[in-house]
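**Student:** One line per chain: the protein sequences are L and D, in this order.
Per numbering that gives the first Met the number 0, the first sequence starts with residue 0, numbered consecutively.
Per numbering that gives the first Met the number 0, the second sequence starts with residue 0, numbered consecutively.
In case anyone wonders, no lab produced these hints; they're calculated from the structure.
Since the structure is predicted, the reported quantities are computational estimates derived from the model, not experimental observations.
Note that beta-carbon positions come from the ideal geometry of N, C-alpha and C, so glycine has one too.
The reader is advised that the hints may include incorrect statements.
Claimed, not checked - What follows is a list of derived Cβ distance ranges for each label pair:
#	chain 1	residue 1	chain 2	residue 2	range
1	D	R50	L	G442	47 to 57 angstroms
2	D	L333	L	S483	21 to 31 angstroms
3	L	R167	D	S61	17 to 27 angstroms
4	D	D307	L	G46	46 to 56 angstroms
5	L	E172	D	A492	30 to 40 angstroms
6	L	G253	D	G308	19 to 29 angstroms
7	D	P107	L	G129	57 to 67 angstroms
8	L	A366	D	G60	28 to 38 angstroms
9	D	G129	L	G46	12 to 22 angstroms
10	L	I232	D	P107	32 to 42 angstroms
11	L	E172	D	G60	17 to 27 angstroms
12	D	A71	L	A155	22 to 32 angstroms
Number of protein chains: 2
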Amino acid sequence: MHRSNGECFERSISVDPAGATAGGASDFLQLDMGEAPAGGRADWLAGQLRRAIADGRLPVGSKLPATRVLAAELRVSRGVVTEAYRRLGEDGQLAGRGRGGTVVVAAPVTAGGEQTPHPGRAPGVPFGAGPGADVFDALRAAPARIDLSPGVPDLAAFPRAAWTRAERAVLAELPAAEFGYGDPRGTLALRRAVANWLARYRGIRADPDEVLIVTGTAQALGLIAQVYSRDGIRAVAVEDPGSLGVRQHLAHWGVATPPVPVDEEGIRVEALRASGARAVLLTPAHQFPTGVVLGGGRRRELMGWAADGGLIVEDDYDAEHRYDRAPVPALRSLLPEQVCYAGSVSKLLAPALRVGWLLAPAAYREAFVDAKRFADLGNAVLPQLVLARLMESGELERGLRLLRRRHRRRRDAMIAALADRLPGAKVHGAAAGLHLTVTFGAGPGADTELAAAALARGVKVHPLSWHAQRPYRQGLVLGYAARSPGEIAEGVAVLGEVLGSAVPPG
Amino acid sequence: MHRSNGECFERSISVDPAGATAGGASDFLQLDMGEAPAGGRADWLAGQLRRAIADGRLPVGSKLPATRVLAAELRVSRGVVTEAYRRLGEDGQLAGRGRGGTVVVAAPVTAGGEQTPHPGRAPGVPFGAGPGADVFDALRAAPARIDLSPGVPDLAAFPRAAWTRAERAVLAELPAAEFGYGDPRGTLALRRAVANWLARYRGIRADPDEVLIVTGTAQALGLIAQVYSRDGIRAVAVEDPGSLGVRQHLAHWGVATPPVPVDEEGIRVEALRASGARAVLLTPAHQFPTGVVLGGGRRRELMGWAADGGLIVEDDYDAEHRYDRAPVPALRSLLPEQVCYAGSVSKLLAPALRVGWLLAPAAYREAFVDAKRFADLGNAVLPQLVLARLMESGELERGLRLLRRRHRRRRDAMIAALADRLPGAKVHGAAAGLHLTVTFGAGPGADTELAAAALARGVKVHPLSWHAQRPYRQGLVLGYAARSPGEIAEGVAVLGEVLGSAVPPG
Chain L
0 MHRSNGECFE RSISVDPAGA TAGGASDFLQ LDMGEAPAGG RADWLAGQLR RAIADGRLPV
60 GSKLPATRVL AAELRVSRGV VTEAYRRLGE DGQLAGRGRG GTVVVAAPVT AGGEQTPHPG
120 RAPGVPFGAG PGADVFDALR AAPARIDLSP GVPDLAAFPR AAWTRAERAV LAELPAAEFG
180 YGDPRGTLAL RRAVANWLAR YRGIRADPDE VLIVTGTAQA LGLIAQVYSR DGIRAVAVED
240 PGSLGVRQHL AHWGVATPPV PVDEEGIRVE ALRASGARAV LLTPAHQFPT GVVLGGGRRR
300 ELMGWAADGG LIVEDDYDAE HRYDRAPVPA LRSLLPEQVC YAGSVSKLLA PALRVGWLLA
360 PAAYREAFVD AKRFADLGNA VLPQLVLARL MESGELERGL RLLRRRHRRR RDAMIAALAD
420 RLPGAKVHGA AAGLHLTVTF GAGPGADTEL AAAALARGVK VHPLSWHAQR PYRQGLVLGY
480 AARSPGEIAE GVAVLGEVLG SAVPPG
Chain D
0 MHRSNGECFE RSISVDPAGA TAGGASDFLQ LDMGEAPAGG RADWLAGQLR RAIADGRLPV
60 GSKLPATRVL AAELRVSRGV VTEAYRRLGE DGQLAGRGRG GTVVVAAPVT AGGEQTPHPG
120 RAPGVPFGAG PGADVFDALR AAPARIDLSP GVPDLAAFPR AAWTRAERAV LAELPAAEFG
180 YGDPRGTLAL RRAVANWLAR YRGIRADPDE VLIVTGTAQA LGLIAQVYSR DGIRAVAVED
240 PGSLGVRQHL AHWGVATPPV PVDEEGIRVE ALRASGARAV LLTPAHQFPT GVVLGGGRRR
300 ELMGWAADGG LIVEDDYDAE HRYDRAPVPA LRSLLPEQVC YAGSVSKLLA PALRVGWLLA
360 PAAYREAFVD AKRFADLGNA VLPQLVLARL MESGELERGL RLLRRRHRRR RDAMIAALAD
420 RLPGAKVHGA AAGLHLTVTF GAGPGADTEL AAAALARGVK VHPLSWHAQR PYRQGLVLGY
480 AARSPGEIAE GVAVLGEVLG SAVPPG
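I would like the entire structure built from these sequences, with the hints used as guidance.
**Tutor:** Have a look at this one:
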């Protein structure tokens with residue numbers, strides 16, 4: 000049938016210059032039997048395989064196609080392929096593994112198969128002032144026994160079984176067309192589930208059509224920077240101290256981050272007003288890194304600032320985690336037209352899922368959909384549907400309750416260890432979240448030295464000064480959520496030894 | 000234990016102004032029992048619930064927390080919660096669903112629960128000249144019986160069972176730390192699997208450290224535009240005709256796309272040279288939309304152009320799909336330092352997975368890692384590991400063989416239907432890929448009118464003129480891979496009727 004059609008359309012198909020081949024070509028190594036001499040096909044094939052092993056296209060451990068399959072593709076008798084494989088077997092380069100197929104077991108010593116190290120990926124962590132764009136990658140890659148970096152929940156609590164069950168259920172009923180290109184805003188199922196979640200937990204009333212599914216707060220920051228800077232907003236004021244990562248992201252996208260000081264009530268709104276900034280990024284529920292909750296008076300002042308045209312970016316990064324304080328409704332619930340709200344599952348489930356959400360002010364909504372479309376055409380579909388199921392079934396809520404109990408025990412373990420091992424340090428922001436901050440009286444540079452010394456002894460922490468743009472107290476930002484009470488005690492003990500008696504109490 | 004620590008650190012914890020609550024606050028609706036009058040707690044709670052239902056925070060169908068759970072959070076007796084639920088049950092707003100819990104079943108008629116339609120999401124598809132940024136979203140959202148848009152493989156062949164099996168295996172052995180933030184380049188397992196795949200199928204020798212995992216070609220284009228424009232490259236020449244989507248993406252990122260004509264041998268390199276462009280984007284294995292394979296002579300000319308400093312972006316979008324022609328090795332295999340290579344699983348498995356890869360020239364590699372980090376911190380981990388497993392186990396290869404047989408039958412069905420129903424039209428580019436192009440002699444505007452008329456009769460196609468920057472032949476781009484032979488015959492019959500005898504043969 001095809002052949003006759005081929006003839007019918009001969010003239011037009013001939014615009015493919017490679018034309019129809021009589022046969023004999025495989026995608027595997029792009030082998031073309033047309034190149035083989037008539038009498039020496041097995042020979043030629045063996046030579047091609049040797050070359051591919053020598054130059055690394057077939058690395059040790061890779062599997063060759065079944066002889067039956069390759070013979071069919073090359074349109075030769077199976078004996079030709081068997082013979083070629085046999086010759087390389089004699090050389091010691093291939094081995095039959097029974098049902099495991101034929102595998103490359105050795106490459107000639109001349110093969111340049113060495114791994115090139117990742118350029119610029121030095122083993123050390125640059126703890127000094129002015130940490131570079133890849134400082135968090137470097138810290139993550141650094142080996143350490145106990146990781147007390149802030150920012151991750153208890154990853155051992157990830158609901159693996161529930162995730163697998165939900166994914167199986169999703170795959171069982173998903174129409175085939177849903178595997179195609181989708182809505183750049185995200186699937187309706189997840190936008191609905193997120194709208195319900197935000198209504199229940201964050202006091203936000205949003206229509207599913209207002210929810211934009213993104214790959215996390217990092218992407219949200221990039222989209223915000225793009226959309227706002229197209230609107231002439233080239234600076235977003237940030238809390239100081241405030242997240243280094245957030246500043247790095249905004250700076251990468253060409254947005255300046257003028258600092259506004261934070262005190263015991265949160266950001267100082269009169270300083271924000273004095274800065275002249277048109278937009279500000281806040282972490283009102285649990286300020287990073289101090290852990291301060293934005294006070295009632297400040298919230299009112301901020302609303303006044305926003306009423307005069309100010310735009311707020313609300314990074315609600317760990318609002319669902321609280322221990323000994325009342326819940327704080329999101330600013331977005333009060334000021335939907337002035338607040339661009341960003342949240343994610345990174346602290347609820349796992350950062351590795353790369354799922355978050357953004358609620359834009361109505362005036363910017365279409366611009367954000369465009370930005371998301373041209374960033375990546377929208378999030379992957381399956382994880383969205385699995386997550387929607389976990390949210391709607393109550394599984395995520397149950398998981399959060401479990402997480403909170405575990406995190407609280409770990410928080411208590413850290414506070415106890417700090418009281419014991421760093422009695423002179425002051426603890427901040429422990430009523431909620433996944434981290435706390437300790438400060439101590441010491442001169443500039445002390446905390447980066449301390450963090451470097453701790454890492455040398457196998458304990459990862461963030462120096463507080465990383466997260467401050469202007470001179471601030473020396474201290475450490477310590478995550479407790481991802482570590483067991485025993486690890487926390489051990490890690491804090493190392494910090495105590497490193498801090499020693501050299502640093503006076505803060 | 001916590002309490003004593005709390006006392007220890009009282010002074011410092013007091014930086015949280017909300018302070019430690021004696022109890023009585025829930026995240027659910029941010030309820031705070033402190034606000035309830037002493038004697039009327041059930042009353043107060045019922046009122047809060049009514050308000051949340053009325054203002055849409057608790058939509059119809061949403062589930063309330065179990066009375067036991069909510070009572071514990073609010074630190075009240077369970078009777079208080081039961082009583083509040085009972086009152087709303089009497090109103091007809093809540094109903095007990097046994098083990099299904101308590102569910103909102105009705106909202107007062109005053110509730111403003113209407114869905115607001117997505118602004119700007121008009122039902123019609125703008126088929127006219129100058130299609131807008133959301134034209135593909137609009138086309139996708141338009142209802143149609145038979146979708147012959149190009150660009151998707153047979154989605155019904157997605158290996159759901161193999162995917163679930165592989166994901167279960169991945170989750171069974173994944174260390175908890177892998178649920179955290181990861182390498183922005185992607186997981187080593189997938190970078191290795193992709194390097195092996197490219198070696199076997201595309202003749203490319205790459206180290207896993209050279210592979211950047213991205214969310215697909217759309218993201219790759221954005222990263223390329225960002226990195227190259229920072230290097231002063233503000234224009235990337237493109238094939239004409241060539242993909243409208245690609246041009247829209249580059250334009251969004253501020254990169255101009257000067258057109259270079261394509262003939263039967265592919266892009267005209269002397270015209271590229273004359274354009275003065277420093278970079279060009281190509282689809283050498285199966286030019287979109289014409290289906291032309293870049294001829295040997297043109298490949299050599301192009302290598303000369305690149306040797307003089309030209310940069311090539313190779314969009315290898317459907318290279319693994321071929322029927323009656325020899326495989327074509329990737330340009331990247333010949334010119335690793337001049338070619339930025341982009342591929343994805345969108346045509347191998349499903350666009351909805353949003354996974355692709357990019358191989359940058361060494362000089363730009365670090366800049367691409369930075370761009371990916373600040374785009375989204377890297378792809379989600381689980382799908383990467385599942386995909387790596389499917390690639391390394393041979394499952395993807397088997398799937399591709401199956402796909403190719405199915406696609407070929409569908410291609411043949413389309414050619415047969417076209418011969419029958421559009422005998423005057425010329426067929427192009429059918430030796431490979433997931434689509435073909437037909438042209439016919441007609442004046443400007445004829446193909447958009449034809450596509451609009453076809454859509455009105457339930458058949459989606461792309462007018463060829465969407466994909467041409469300069470006047471070109473009138474025609475249609477027709478995807479066959481995702482439709483059954485029966486649907487293809489039916490869809491082409493509609494096209495034949497719509498085209499009628501009004502259009503003379505091309």
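**Student:** Taking the CB of L:A366 and the CB of D:G60, does the distance hold inside 28 to 38 angstroms?
**Tutor:** 32 angstroms, holds
**Student:** Could you tell me whether the CB distance from D:R50 to L:G442 stays inside 47 to 57 angstroms?
**Tutor:** 54 angstroms, holds
**Student:** Within 19 to 29 angstroms: is that where the Cβ-Cβ distance between L:G253 and D:G308 falls?
**Tutor:** 28 angstroms, holds
**Student:** State, for the Cβ atoms of L:R167 and D:S61, whether the hinted interval 17 to 27 angstroms holds or is violated.
**Tutor:** 25 angstroms, holds
**Student:** For the range 22 to 32 angstroms, tell me whether the beta carbons of D:A71 and L:A155 fit it or not.
**Tutor:** Between D:A71 and L:A155, where Cβ atoms are some 24 angstroms apart, the hint holds.
**Student:** Kindly confirm whether 57 to 67 angstroms is satisfied by the beta carbon distance between D:P107 and L:G129.
**Tutor:** Check passed, 58 angstroms falls within 57 to 67 angstroms.
**Student:** Is 17 to 27 angstroms right for how far apart the beta carbons of L:E172 and D:G60 are?
**Tutor:** 19 angstroms Cβ-Cβ, so the 17 to 27 angstroms window holds.
**Student:** Look at the Cβ atoms of D:D307 and L:G46 and judge whether their distance stays inside 46 to 56 angstroms.
**Tutor:** 34 angstroms, violated
**Student:** CB of D:L333 to CB of L:S483, is that within 21 to 31 angstroms?
**Tutor:** 53 angstroms, violated
**Student:** Look at the Cβ atoms of L:E172 and D:A492 and judge whether their distance stays inside 30 to 40 angstroms.
**Tutor:** 32 angstroms, holds
**Student:** May I ask you to test the hint 12 to 22 angstroms on the CB atoms belonging to D:G129 and L:G46?
**Tutor:** 55 angstroms, violated
**Student:** Does the hinted range 32 to 42 angstroms hold for L:I232 and D:P107 at CB?
**Tutor:** Holds: the Cβ-Cβ distance is about 41 angstroms, inside 32 to 42 angstroms.
This entry does not satisfy hints 2, 4, 9, going by the numbered hints stated previously.
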